[in-house]
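Colleague: Spelled out from the first residue to the last, the chains are:
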Amino acid sequence: MSRKTLVDAKINGEPTEFLCEPRQSLLECLRDVLELTGSKEGCLTGDCGACTVLIDGRAVCSCLVLGPEVQGKSITTVEGLADATRLHALQQKFLEHASLQCGICTPGFLMSAKALLERNPDPTEPEIRYALAGNLCRCTGYDKIVRAVIDAAKTLRESGTDRAAARG
Amino acid sequence: MHAFNFDAPTSLDDALKVLAAHGEKARPLCGGTDLIIQMRAGVRRPEHVVDIKQIKELRELKFDAKSGLRLGAAVSCIEIHENAQMRKHYPGLTEAAHLIGSLQIQNRASVGGNLCNGSPAADSTPALIALGARARIAGPKGEREVPVDKFVVAPGRTVLAPGELLVQLLIPAPAPHSSDAYLRFIPRNEMDIAVVGVGASITLGGGKISAARIGLGAIAATPIVAVKAAESLIGKKLDDAALALAGRLAAEAGSPIDDMRGTAEYRRHITSVLTIRALTIAAERAAKN
Numbered sequence: 667m668s669r670k671t672l673v674d675a676k677i678n679g680e681p682t683e684f685l686c687e688p689r690q691s692l693l694e695c696l697r698d699v700l701e702l703t704g705s706k707e708g709c710l711t712g713d714c715g716a717c718t719v720l721i722d723g724r725a726v727c728s729c730l731v732l733g734p735e736v737q738g739k740s741i742t743t744v745e746g747l748a749d750a751t752r753l754h755a756l757q758q759k760f761l762e763h764a765s766l767q768c769g770i771c772t773p774g775f776l777m778s779a780k781a782l783l784e785r786n787p788d789p790t791e792p793e794i795r796y797a798l799a800g801n802l803c804r805c806t807g808y809d810k811i812v813r814a815v816i817d818a819a820k821t822l823r824e825s826g827t828d829r830a831a832a833r834g
Numbered sequence: 062m063h064a065f066n067f068d069a070p071t072s073l074d075d076a077l078k079v080l081a082a083h084g085e086k087a088r089p090l091c092g093g094t095d096l097i098i099q100m101r102a103g104v105r106r107p108e109h110v111v112d113i114k115q116i117k118e119l120r121e122l123k124f125d126a127k128s129g130l131r132l133g134a135a136v137s138c139i140e141i142h143e144n145a146q147m148r149k150h151y152p153g154l155t156e157a158a159h160l161i162g163s164l165q166i167q168n169r170a171s172v173g174g175n176l177c178n179g180s181p182a183a184d185s186t187p188a189l190i191a192l193g194a195r196a197r198i199a200g201p202k203g204e205r206e207v208p209v210d211k212f213v214v215a216p217g218r219t220v221l222a223p224g225e226l227l228v229q230l231l232i233p234a235p236a237p238h239s240s241d242a243y244l245r246f247i248p249r250n251e252m253d254i255a256v257v258g259v260g261a262s263i264t265l266g267g268g269k270i271s272a273a274r275i276g277l278g279a280i281a282a283t284p285i286v287a288v289k290a291a292e293s294l295i296g297k298k299l300d301d302a303a304l305a306l307a308g309r310l311a312a313e314a315g316s317p318i319d320d321m322r323g324t325a326e327y328r329r330h331i332t333s334v335l336t337i338r339a340l341t342i343a344a345e346r347a348a349k350n
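Protein chains in written order, with this note's numbering: chain A, 667 to 834; chain B, 62 to 350.
Don't read these hints as lab results, they were simulated from the structure.
Label pairs and their computed distance ranges (CB to CB):
id, chain 1, residue 1, chain 2, residue 2, range
1, B, Ala126, A, Thr751, 49 to 57 Å
2, A, Glu680, B, Arg218, 43 to 51 Å
3, B, Arg218, A, Cys709, 23 to 31 Å
These numbers were taken from a predicted model, which means no experiment stands behind them.
All C-beta atoms, glycine included, are put in the ideal place defined by N, C-alpha and C.
Construct all of the structure, not just a fragment, from the sequences and the given hints.
Modeller: Here it is in structure tokens:
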């Protein structure tokens, strides 16, 4: 039982095929099969958000998705945020606002923030805090993270980076 | 996690064939926000996991002003929240779906899955009970319907027999001058499991209450319907005395336990408070409809 399945998905814009057992989570497939180790393993129960990726533009905990479930889907991970030479505005603002210390939670926060800004380019602070409620940080605290998202949203609006481009 | 086979049927017939072939050894997968955690912990060990998210009937969300709502069992909580008709006609159910876990969870989890998981503290189940929802079930012997307040039979156990699948939730169209509300108590603002959850629906006529239903979560081994509390309101104005009586009867309907989230006595008290508040909100909404 539990033969390996061939999964065909788009990962960070690239058509990608990979083999996995049904019991392997999307997080395991990304990290162990595809060697995309940006998404982090935290609680494995959907509480901490460190493994957050986007499936068809929606933030999910990749530890609570089975590999074969993403057949035909479009996945965005933290590796898909920056272009070849330039960090995404969210990444840049996290650096400028010192929004990370150990960094384990950061990829998840970035992906949740990206999902928010794609739907709502000008969110209020409560909207940002609500959208990030599924991501836990145990060292920096949330204020600097929220400031970075507010600033990144402003930059993205002012630079005219349209939402399609921000989607990567 | 243990090894298992995976199927993702694209039709109801195919899903029922797979479920019938494997019986108790199969388990449907929707958002996975309960099942994958349970499999990882070894609590559930299905040999066949059947992803039911590609089945048309389970993805349907259709509202009709006469026949009411057909809510596919695999419609995600966020799809419910983003649906303008859901927010207008079933605001209580919609707010219940929108306070389950984080956005990451709501993007995957479904109200149908919340019901089938069978938790006594499921947030959306008391809201469904308040609306008089029925579960449309398909299985090897054909289809049947079960009222949602009879669906969960024990913690983690439902009326679903091996081979059966929850297809849709059927909810009556809201009567004129009616609405619903859902409130839960948790010690934090977001992201916690209900100490108590209360769903209420109310219909007004001539300034009095002509119909009411109350669903309660986390104060018994299963989500329950508070019949006496709702009946006590009929024909009355929703004044302080009527609310206090309904709150007291709702608290008496439960058989809560002491646990880390609260004592039985505390749960009864909170049940009364939330019942009063949920009825008040539902009545305010109903007055505008």
